[in-house]
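Novice: Here is how the chains run, residue by residue.
Protein chains: 2
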Amino acid sequence: MTINLKNFLNDKTKMSKMGEFQNLKQIEGLEMSSVSADLYGNGRDDLTLFYFSKGANYATVNTTSSIISETISWNNSSHKKLIKGLMVNTKNANTFTGKQGKESLDLIAKNLSRILTIKESKSEGGTSETVRTKDLIFASTGVIGEQFPVDKIKDTLPDLVEKLKTEHNKLFWLKVASGMMTTDTKPKVAYEELIVGDELVKICGIAKGSGMIAPNLATMLSFIFTNAEINSNLLKSLLKKAVANTFNAITVDGDQSTNDMVSIFSTKAIKLGPNLSLNDKVVQKFEFALKKLCLNLAQQIVVDGEGAKKFLTVKVINAKSLSSAKKIAFSIANSPLVKTAVAGEDPNWGRIIMGIGKSGEMVDYKKLKIKLGDFIVAENGKISDIYDEIKLKEYMKWDSINIEVNLKLGNDAFECYTCDFTHDYIDINADYRN
Amino acid sequence: MTINLKNFLNDKTKMSKMGEFQNLKQIEGLEMSSVSADLYGNGRDDLTLFYFSKGANYATVNTTSSIISETISWNNSSHKKLIKGLMVNTKNANTFTGKQGKESLDLIAKNLSRILTIKESKSEGGTSETVRTKDLIFASTGVIGEQFPVDKIKDTLPDLVEKLKTEHNKLFWLKVASGMMTTDTKPKVAYEELIVGDELVKICGIAKGSGMIAPNLATMLSFIFTNAEINSNLLKSLLKKAVANTFNAITVDGDQSTNDMVSIFSTKAIKLGPNLSLNDKVVQKFEFALKKLCLNLAQQIVVDGEGAKKFLTVKVINAKSLSSAKKIAFSIANSPLVKTAVAGEDPNWGRIIMGIGKSGEMVDYKKLKIKLGDFIVAENGKISDIYDEIKLKEYMKWDSINIEVNLKLGNDAFECYTCDFTHDYIDINADYRN
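Top to bottom, those sequences are chains X and U.
Using our numbering, the first residue of the first sequence is number 50, and each one after it goes up by one.
Using our numbering, the first residue of the second sequence is number 50, and each one after it goes up by one.
It is possible that some hints are incorrect.
Pairs count within a copy or across copies, as identical chains cannot be separated in the list.
What the hints assert, rightly or not - Derived lysine-lysine pairs resembling DSSO-like cross-links, with alpha carbons at most 27 angstroms apart: (1) Lys-358 x Lys-416; (2) Lys-369 x Lys-431; (3) Lys-203 x Lys-340; (4) Lys-431 x Lys-203.
Treat the hints as calculated values from the structure; they're not laboratory data.
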């Protein structure tokens, strides 16, 4: 299950679909490159570098798994707030790689800092500052427990730095987003912008997806870049709030990969004002745009879930607490029986009842009202009086299915997103390593 | 996905496999019958009755789902300790059936008690007592939310009572166990016996299985019968202890169907002694036999899991607590990525690492030692020095795969059982209702 990126970018059918992607723009202060270290043995891009010659403010939300990759462990080693570069590799997760994995990272960081420092000293507008290893962070995605391919990556670093570009059009963003794919079938990109005074504030986001049946058993990576100057603490608050109902709405709490990472970088090219806080109007506008961008990326991940044919939204309303709404929504969304019913286009709402019950959350089943799309299927503790199997079977043929559970117990709500569960999921995952 | 039971019992290939089943014997004081109410429209047995003319002591462990079937709700309505009969129907779960489901059960109980009372009054050795509706309990398994087929069942009650047999050989036990199957491909039966003084204490158990990917999203029913006299309180203690490492070792806590039920019945034909307690030797012998029988049935359920091709044992040892061992074991056993790797015969131990991590339990990854069968695959925070992919690929071809996770943190351990995850699971569940 390797993606031939060259083919993707050269494939006319796919490229004719370029219109489906948003038009990402250049972020001042960011340089990017994506090349092949031949980790897959087929020449596809697998190594990506994001470089900020003037540094970037930075915030991240990482996996909460009790076992983490050497890369995440590296990133955590100092509480970085200002960084110079992020390097992403695919194929190998650098998890459970022991001393070899850690030492590989040390060596790569050392080499990368040296090569970047030379580049700086040569560049016209460069700062001529030394790029220190501690200014660099990493992300990895791929197989766990295999030796980290240190030599291949180290040998590719000169090329990776050489290819850094300050100008990035839509196609280049797609190339970079494609360079970090694993089982994804297409790159995930999103763009938002807002006008602040005379300035154009841009937010560009890219992501790679994950195996979708239990959403985050495979690695999810997303990197977001903005030219607006926002300090790291504020970035952290904004990112956490945005992730809660987007990336974490396709993610069961505490049920994540060893490598999950969503990060945001501010190149500080555009000043938004002094002493910004969450209450400032300009920050609230930014927050709104960021949430929209994150939801867009999160939904693209679900749509491209392994083997996915249908997009499924599960909305739980009128719960007695947010935590209760969340538990019930994920209990339904993670049920293989619900997901296979959706794949089979079967309006088997009994499985939704089972999903609610197994959440363990107390509900009053006589109050429950369950809808599939606009159709009420169950209320008052029984099948709806206007239940219409024929209409429902028609509805289940749609590409996007909505389940709504009205608990009638309170005022809290939560919405989460998943996909159906098909033969292709088995095919992809029974043979992932080969 | 209906099973034609007649075909099963007439099929020579299958019947030639009769030897794979244990030789269940007659339980004095128990009468059984299994007939067709034509709930599936193909004449298979779907209605089963267990009748105790002299009553039976009784204990049960039911689902902990927050939504339960009308049948379980009926059984809970009084804390029954002595019962006269248990009726089991398949095809319809009688869950979320509202007033219709509840009233159906009232009507069926009334009719059944009347017919059984008439039978009593006519029988020679009968007690001539009235069989009260509150002496009856029920179990249902099948689709949720569909109207309960009250008429078909009611009309079949005379036949069901008429066909009650006091003598039951192995074949008859298989017929009865088959009468409560849904997507099971074969009946599940188990037998244990022990000599107490001059008496033969017998324990007969039957079960029906469940969709196996998240073990208890579909209904699991098991009924156990013994001729030994054990009071209901002691039965309850024994059953709870036995279930913990057997039926609940294929079951994630709080993640059950609306209808799950494991019950034990004592016909009191053989006296074991007065004032029995868990500390009595004879009770301990009984407990040992009961656990063995429950493990046997639980493993048969896994082996016959929907679409299952391989049996998977996940053992977590040297944990700091039982609860931690349990969480980690189930986190691995419920991982679709682990289950698809097993289906693909891929020794992808990285997914075991992921399963451990996502449990959220704190582990010291440098202490971890992971084995596939007898092969150490990972220790000291990295792949094993003696890792041999070729040998492991050979091992993964086996029908029964063992995963052992040694945490080296304490002295607690837990073992659970599951199966692999195949295309057939999708086929069965995408089209279950049809």
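Novice: A separate judgement is required for each hint: does it hold in the structure or not?
Specialist: Structure-based check of each hint:
no.: 1; hint: Lys-358 x Lys-416; verdict: neither (33 angstroms within a copy, 41 angstroms between copies)
no.: 2; hint: Lys-369 x Lys-431; verdict: within (22 angstroms within a copy, 46 angstroms between copies)
no.: 3; hint: Lys-203 x Lys-340; verdict: neither (36 angstroms within a copy, 58 angstroms between copies)
no.: 4; hint: Lys-431 x Lys-203; verdict: between (63 angstroms within a copy, 21 angstroms between copies)
Hint compliance for this structure: hints 1 and 3 are not met, and every other hint is.
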